[in-house]
Structures are given as C-alpha cells and as structure tokens.
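This is what each chain is made of:
Protein chains: 2
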Amino acid sequence: MKKTIYIFQSGELKRKDHSLYFENSEGRRKHIPVEDVNDIYIFGEVDVSKRFLDFMSQKQICLHYFNYYGYYSGTFYPREHLNAGHVILKQAEHYINDDHRLRLARLFIEGSIAQMIQVLKYYKSRAKSGQEKIEQTLEIMKNEQSKLPHAESIEELMSQEGHSRERYYALFDVIIQNKEFPFEKRSKRPPLNRLNALISFGNSICYTTVLSEIYKTYLDPRIGYLHATNFRRFSLNLDVAEIFKPIMVDRLIFYLINKKMLTKKHFDGHTDGILLSEEGRRIFVGELDKRMSQTVKHRHLGKSVSYRRLIRLELYKVQKHLLGEKKYEPYRTLW
Amino acid sequence: MKKTIYIFQSGELKRKDHSLYFENSEGRRKHIPVEDVNDIYIFGEVDVSKRFLDFMSQKQICLHYFNYYGYYSGTFYPREHLNAGHVILKQAEHYINDDHRLRLARLFIEGSIAQMIQVLKYYKSRAKSGQEKIEQTLEIMKNEQSKLPHAESIEELMSQEGHSRERYYALFDVIIQNKEFPFEKRSKRPPLNRLNALISFGNSICYTTVLSEIYKTYLDPRIGYLHATNFRRFSLNLDVAEIFKPIMVDRLIFYLINKKMLTKKHFDGHTDGILLSEEGRRIFVGELDKRMSQTVKHRHLGKSVSYRRLIRLELYKVQKHLLGEKKYEPYRTLW
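Listed in order, the protein sequences are those of chains A and B. Using this note's numbering, read the first sequence as starting at 1004 and increasing by one per residue. Using this note's numbering, read the second sequence as starting at 1004 and increasing by one per residue.
Worth double-checking, as some hints may not be accurate.
Not close to chain A: a few residues of chain B, all C-beta gaps over 12 Å, as computed [to be verified]:
id, residue
1, D1050
2, E1113
3, A1130
4, K1182
5, M1264
6, D1275
7, E1290
8, Q1297
9, K1306
Here are the simulated SDA-like cross-link-like pairs (lysine to any residue), alpha carbons at most 25 Å apart as the crow flies [claimed, not checked]:
id, chain 1, residue 1, chain 2, residue 2
10, B, K1219, A, F1257
11, A, K1019, B, F1011
12, A, K1124, A, E1317
13, B, K1219, A, K1124
14, A, K1219, A, L1326
15, A, K1124, A, K1145
16, A, K1017, B, G1030
17, B, K1329, B, G1030
18, B, K1320, A, E1096
19, B, K1329, A, E1096
20, A, K1017, B, Y1072
21, B, K1219, A, S1215
22, A, K1062, B, N1206
23, B, K1062, A, L1214
24, B, K1062, A, S1215
25, B, K1188, B, Y1072
26, B, K1062, A, S1013
27, B, K1005, B, R1054
28, B, K1006, B, K1017
29, A, K1219, B, F1055
30, A, K1219, B, A1087
31, A, K1188, A, E1135
32, B, K1329, B, Q1148
33, A, K1017, B, S1013
34, A, K1017, B, R1018
35, A, K1219, B, K1219
36, A, K1033, B, S1052
37, A, K1062, B, S1207
38, A, K1263, A, I1277
39, A, K1219, B, V1090
40, A, K1062, B, Y1071
Source of the hints: derived by calculation from the structure; they are not laboratory data. Here the structure is a predicted model, which means the values were calculated and not measured. Using N, Cα and C, we set each Cβ at its ideal position, and we do this for glycine too.
With the rest of the complex left out, here is chain A:
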C-alpha cells in the first residue's frame, strides 16, 4: 500500500532524476521513495519548482497544502490523479438513501451518548458527593440509549440525543462544584455564562480539528448525515465531533476548572454574553494541544495512538463504511 508523506519542516522538495528528496532549511536531505508515495501533505514552509511538480504529475501524486495555522489551503492536482470522486459518490448515496442515512446518523448518536456515559462513569468513581445523582442520570441515559434502535427519523434521533445531553449537562454542576462556573442552562451565540463560554469555545475547536483531519482523507466535509439540515456549513465534521466532544472538550473543561488553571479572570463580559479572554484561550488551546498529542492505548490496533490520530482513524472507519468494506462502529473510550 502506498503511503502518505507529511512534511512539517521547512525546506524544498526536489527531484533528482527519477527520485524525490526533501532538503530542509539546514541543507539536510531526506530521500523519499517516489514509487511508494500516494500523496504529500505539506505543513512546513516548503518550496517547489515546476520541474518538481511535473514529476508529481507523472507519478500522479497530489500535494495538499496547509497554511501556517494548519488550515487546509489547497491542492496541486496532477492532470491524472485519484481524485476521490468515488468516495464522494458513496457519501452522496448514503445521504440520499433514507435508510443508509438514518443508519449512519444513529451510529453517531450512539457513539455520542456512549461517550457521555463514559465521562459520567469516570467522574462518578471520583466524585466526593453526588454519586446518586450521577447514577440516576446514567440510568436515564441508558434508557434513552435503548430506544435509539427504534428511532425512525433523524429528528427522533436528535431529540433522543437532546434529552440525554440535557441530563448530562445538568450534572456539570455536580462534577465541577465551583461557584464561579455554574452551568444554569446551555446558552450559545452568545454564551451567557463562563461555563457555556468554555463549552462553545471547546466545541468549535473540536469541529475544526475534525475538519482538518477530514482534509487528510478522501471524505468531503460538506456531506454529513446527522447535521445536514442546512447547507451553510461543513457538516461531516459536526457528526464525527459528537464522538469526541465529551472526552476532548468536556473533560478538559473539568480539568482546567478543577485545577484552577482557568478562573473568572480569564473571561471578558461583552455587551451580550461572556467570552474567554485571549489569555484564557491560550491556556485552553495549549492544554488541548497537549492532550491531542497524548497517546491512548487503542483497543483494536493494540498500540498507543494520539487523540488526533484517533480522529483520523475514526474517519477512515466512516470511509470504509461508506465504501461497503466494514460497518462503522463508533470509537468508545475505555476510561
């Protein structure tokens, strides 16, 4: 199987006769066996000559560019290339066919509720008080979970998820136990208190993280299954983010508040609503970044992978599902 090459260093990609090498800004060369390369993802400040691009064209290798902030910027598509038209057709097929769409949407919701349950279980075993409340909510959520297979529409699924999520958020006060961060109720655009400001900020980072990883697959972010009621934004990333928000965002919030790394001084009041200050955002993404590169033991692979990698693996699973290779099973955290 051909490989994807990721380049994070700065330097120049060069051709030498029939081979390919990368020369970094200190002049060190790394040979890249061109016949093994499927595509190249460029994150560093990398220069290319036309001669090099012609070579990529001959070898039908796509170059994907990401800007300084890690956002996808564009692709050099050789005249002939594997352009993933087949994946996009399958994605559309699964959207157009109501049964297929419902099946995928249900899997995302199942994954989402299962992850929320894992988060609650984790805190139940550690909480100084409120275990009973957590236990009650867990019962209710497991009950909602058992209804999922019977949902007959996306709306029904969404409402079941909504019930679970409401119960789940209601426990944030039990888990956090900090008067500076009451949950009250979920408020967005704008968030009306600090905890909601954190949830909104964290979720938006989670969406863009998944989006970045989608750009590294053949999937098209525009076609989602659960979140496709309007077409004003990418939606597949919202779907897949459901699986990761509880462990990636919510647990980080609990951690940052409990460790007092974020306090009320990290928030600014605005005419309407409350937002994380610049310093607060810095702390949040700094800590998130640490977690994203943290490795967790992967159940099936039998080895440790980073959270970021976990998201990519999840997307590959969705892709396999769409291509009919293997039914998608959402990731479940073990702890």
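Use these hints to put chain B onto chain A, whose structure you have.
Below, chain B without anything else, positioned relative to chain A:
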C-alpha cells in the same frame, strides 16, 4: 473583468505583503496586480513557495501548470470557498441515476455537434472551394444529430459523437487549404503533425479555462457525466468544454493559420511527435486571450458578454439543471 496571466519566462512567483510579483531568472521584477487576476498559466520554469500558494488560496486564484513540452501537467486548486453541500448532492444524484446521467451527457453531445455544425456553416459560406464536401458532411452530421435522442447508453452517445467529429475533422483540410497544415488523422500524445499539435494544445487550454470557471461556481469538477468513466481526472470541465472547443479552439486555429500568424517555423519536431514552439504558444494564447475577452451578443440576456463570461453562464445553467430549476440547453453560437 479579471485577467488571465500567462508566464513563459523562468523565475519565481512571489508574494510581498498584499501584492504579487514575478521575478525572472535575471532578477527583474514585474508587479502583478493581484485583484485583477483570474487565473495564472505557467509555461516557464517557475518556482513557488508555500507562502505564495497560501496567498493564491486567499485570493481564490487557480494556477495551471504546463510542462516543458507545453502539455498540461496539473492545477493548484485552492480550497473551495463556495461551500454548497446541496449542489454536490444533486451532482452526485444526477450521476448515480442512469437516466439523469444519460440526459445530461446527451445534452453535452447535442451541444457539441451543434457547435461543430455552426463552425462548418460559417466556413461554407466563406470557402473558395469545397462547399459541396462541407454540405455532404453537414448532412451526415445532421443525421447523426437526429439519432442522439435514441441513444441508450453513454457509450452509444460517445460513438455517435465520435462519428460526427471524425467527419468534422476531415474537413479541416478543406477549410485550411494550407500544405504546411495537413490534417491526416487525429493524433494525440504525441500529436504527429502541426495541425494536431495545435488542436491538442488548444483543447488543453480550453479544459483548464473551464476548470477555472468551475472553481467560481458551486459545482465540483470531479463529477462529470459524459467523461466520468473513471475518477483519475477532473471531468465536469471536459464535459462543458465540448460546447466551447469548436468556437474557442478550432476557429482560432483556422484564423491563425489563414492569417499566417502561425507557420511551420513555430513548431519543433521531437523524438516522437511535433509540438508548438514557445513562440508559437505565446502567439496562440495571446490571440486566444483577445478572443476570450471579446464580447458576443448574448441571445437571452440581450447584451454582450465575453467568452469567458459565456463559459461561466453555461456552468450556471448546468447548476440550475442539477437543482431542478431549469432544464439545461447548451449554448449555441449564432455565427
């Protein structure tokens, strides 16, 4: 109206703050007003940095690369900014549904043959001799045209189009009447004579021109209808180019040869095949550019539009067809 930039020299494309310049290999700089640029065609040995490509992405400018021999090599396609999940779903739907796909493919072929017929009619009225031959071919092509509604597969359509095109090309000798440019037969990769070299070069420019315009719509170039037997290249641009090749490329070729703007000295023989020289390419794209910004009276709009604009309007028509707003009718030139 935004312009196409053609670069034949060797050097480097660079960004400086919010502007763009080309520095040739002797160090001379040429400022390029970025806000006026539609797309850039690179023929020379031009280097680009990632920083420059990020800038192209921000400004939504496509870069088309041609190799040393003038063959199309690939395109830097900035990240899609027009994010239209609903259009791509419709595009996929029209591909997946055999009837829908056949209908669109048929329309492209109808448009293509109708345009070839218009070109022949134009030259019939001006030819010094051979009117009879042209008339015979027109009869045959009209006959092929009448069979199109009965075609039951893409392959059948393709073969009907193939017959018409063969007859059409056979008349190039009658139209051109220049011993330096015999048609002989259609040869590609490599073209085996001068006329074929011109057709190949012109067609590849036409494909990339349509690709640049697709980028400015909600359409996805990966899903075509006529040219979608595999996903190894962009195909929607190939479909739509069928409508424009006869008027944009073939008529330009006749003009350039008849006006003796291109003669045999503008071609280089290579180990296998014959190609336009750099000077020849320069003349070709220079004249094409004039035509692309030339305005023609638009039948329905009742006003004059440029050829480039005409291509965009054609794409909007395809988009409307896909969205079920209005059945697509291919553009027909009046003269």
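Check: For which of the previously enumerated hints does the structure constitute a violation, in increasing order of number?
Finding: Failing hints, ascending: 1, 10, 13 and 17.
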